[in-house]
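Novice: Sequence:
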Amino acid sequence: MAGRTGAPDRLMGFGDQIMATGMARGAAARGKRIALGDGRRILWDEHSEQIFRRNPNLAPPGSERDPDLEWMPYYKGHRIYNRRAGNRWVWNSEFHAVPGEIIFNDAERKAGKRYGEGFVVIEPQSAQWKTVAPNKDWGVANFQAVADRLRGAGQRVVQFRGDKSATVALRGVEQMPTTSFRDALAIMWRAAALYIGAEGGLHHGAAAVCTPAVVLFGGFIPPSVTGYAIHTNLTGGAKACGSMRPCAHCRAAMQAIRVEDVTAAAQAHLKQSRAA
108 MAGRTGAPDR
118 LMGFGDQIMA
128 TGMARGAAAR
138 GKRIALGDGR
148 RILWDEHSEQ
158 IFRRNPNLAP
168 PGSERDPDLE
178 WMPYYKGHRI
188 YNRRAGNRWV
198 WNSEFHAVPG
208 EIIFNDAERK
218 AGKRYGEGFV
228 VIEPQSAQWK
238 TVAPNKDWGV
248 ANFQAVADRL
258 RGAGQRVVQF
268 RGDKSATVAL
278 RGVEQMPTTS
288 FRDALAIMWR
298 AAALYIGAEG
308 GLHHGAAAVC
318 TPAVVLFGGF
328 IPPSVTGYAI
338 HTNLTGGAKA
348 CGSMRPCAHC
358 RAAMQAIRVE
368 DVTAAAQAHL
378 KQSRAA
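Residue numbers (the numbering used here): 108 to 383.
Incorrect hints may appear among the rest.
BS3-like mimics (lysine-lysine), calculated; alpha carbons at most 27 Å apart, straight line [as the list claims (entries may be wrong)]:
#1 183 <-> 346
#2 346 <-> 237
#3 237 <-> 183
#4 220 <-> 183
#5 220 <-> 378
Restraint ranges, calculated between C-beta atoms of paired labels, are given here [to be verified]:
#6 187 <-> 161: 21 to 29 Å
#7 336 <-> 368: 13 to 21 Å
#8 365 <-> 284: 43 to 51 Å
#9 199 <-> 138: 45 to 53 Å
#10 247 <-> 220: 26 to 34 Å
#11 137 <-> 248: 44 to 52 Å
#12 358 <-> 284: 32 to 40 Å
#13 365 <-> 220: 29 to 37 Å
#14 169 <-> 282: 21 to 29 Å
#15 184 <-> 282: 32 to 40 Å
#16 138 <-> 205: 42 to 50 Å
#17 380 <-> 346: 30 to 38 Å
#18 259 <-> 168: 48 to 56 Å
#19 137 <-> 365: 14 to 22 Å
Derived from the structure by calculation, the hints contain no laboratory data. In this text, a Cβ means the ideal position worked out from N, Cα and C, and glycines have one as well.
Starting from the given sequences, assemble the full structure and let the hints guide the process.
Specialist: And the structure:
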């Protein structure tokens with residue numbers, strides 16, 4: 108589910124905003140802008156501006172009376188891809204995430220290459236503040252093992268590190284300073300060969316900037332809803348249950364994903380990238 112990762116800015120809700128940019132694609136070409144809200148108010152949250160900046164497909168708050176609007180009922184507390192039923196999310200099987208769009212300026216594009224290129228970005232923790240965190244937790248030790256194997260094969264492996272990062276720093280993995288979530292995505296776009304992590308904000312970001320990824324879904328949310336075809340999406344063979352509480356089914360799904368599975372998928376993406 109879209110949300111905060113342990114990466115830059117103590118992220119919350121960036122994935123939802125990125126999915127909105129995917130749904131809004133092409134609006135400006137039709138002479139329209141998408142108004143995300145309840146039909147009366149455009150409802151952005153605290154992260155919307157950072158993701159929607161310079162995007163001609165989206166109408167900002169204050170433009171509710173403009174004549175070029177197409178309303179979309181997508182905002183905090185009312186997402187199209189799910190609905191709540193007791194202590195679980197029911198996923199909308201008719202919804203399929205479209206890769207989003209981040210509009211960078213020249214300074215962001217230049218800054219995105221300041222650390223060189225060709226590295227793998229890895230994020231071992233996702234949305235630790237959420238009650239569903241245990242259901243999406245593959246385990247730091249597993250991510251460490253993947254990082255060790257990739258580094259042993261000569262691959263540069265990094266973690267993004269913002270001022271407010273709360274995620275565990277993997278041993279031997281380069282900690283790469285970032286100034287914001289946008290900055291992290293600019294780096295990913297300009298320089299990363301691959302992203303590895305759980306379903307969440309950075310996997311949506313990777314899709315938006317066309318970066319290959321190995322995404323650990325497990326048994327919480329289905330890749331058919333919030334996954335992308337350009338990524339390798341691993342479920343452990345489980346059907347998504349949407350449980351908002353710690354769940355034995357989700358834990359078993361994550362345990363079914365082997366270090367070898369993730370490493371092999373990563374190496375396949377890297378091989379394809381080198382051959383391109």
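Novice: State for each hint whether it applies.
Specialist: So, going through the hints one by one against the coordinates:
For the hint linking residue 183 to residue 346, the alpha-carbon distance of about 26 Å falls within 27 Å, and the restraint holds. For a cut-off of 27 Å, the pair hint linking residue 346 to residue 237 stands: about 21 Å separates their Cα positions. Taking the CA atoms of residue 237 and residue 183, the gap is about 16 Å. The hint holds against a cut of 27 Å. With a C-alpha separation of about 33 Å, the suggested pair residue 220 and residue 183 falls outside the 27 Å cut-off, and the hint is violated.
A hinted pair counts as satisfied when its Cα atoms are at most 27 Å apart, and residue 220 with residue 378 qualifies at roughly 21 Å. In this structure the hint that residue 187 and residue 161 lie 21 to 29 Å apart at CB holds, the actual value being about 24 Å. Our hint of 13 to 21 Å for residue 336 and residue 368 holds, since their Cβ atoms are close to 18 Å apart. With their beta carbons about 32 Å apart, residue 365 and residue 284 fall outside the hinted range of 43 to 51 Å.
Taking 45 to 53 Å as the suggested C-beta distance range, the pair residue 199 and residue 138 does not conform, at roughly 29 Å. The hint said 26 to 34 Å for the Cβ distance between residue 247 and residue 220, and at roughly 29 Å that hint holds. For residue 137 paired with residue 248, a C-beta distance near 49 Å keeps the hint of 44 to 52 Å intact. Checking the proposed 32 to 40 Å range against residue 358 and residue 284 shows it holds: the Cβ atoms sit about 33 Å from each other.
The hint said 29 to 37 Å for the Cβ distance between residue 365 and residue 220, and at roughly 34 Å that hint holds. Checked against the hint of 21 to 29 Å, the pair residue 169 and residue 282 fails, with Cβ atoms roughly 39 Å apart. Range check, residue 184 to residue 282: Cβ separation about 35 Å, and the 32 to 40 Å hint holds. Residue 138 and residue 205 have their C-beta atoms about 20 Å apart, which leaves the hinted 42 to 50 Å range violated.
For the pair residue 380 and residue 346, the supplied restraint of 30 to 38 Å holds, since their beta-carbon distance comes to about 31 Å. The given range of 48 to 56 Å is respected by residue 259 and residue 168, whose C-beta atoms sit roughly 50 Å from each other. A C-beta distance of roughly 46 Å is found between residue 137 and residue 365, which places it outside the suggested range of 14 to 22 Å.
This entry does not satisfy hints 4, 8, 9, 14, 16 and 19, going by the numbered hints stated previously.
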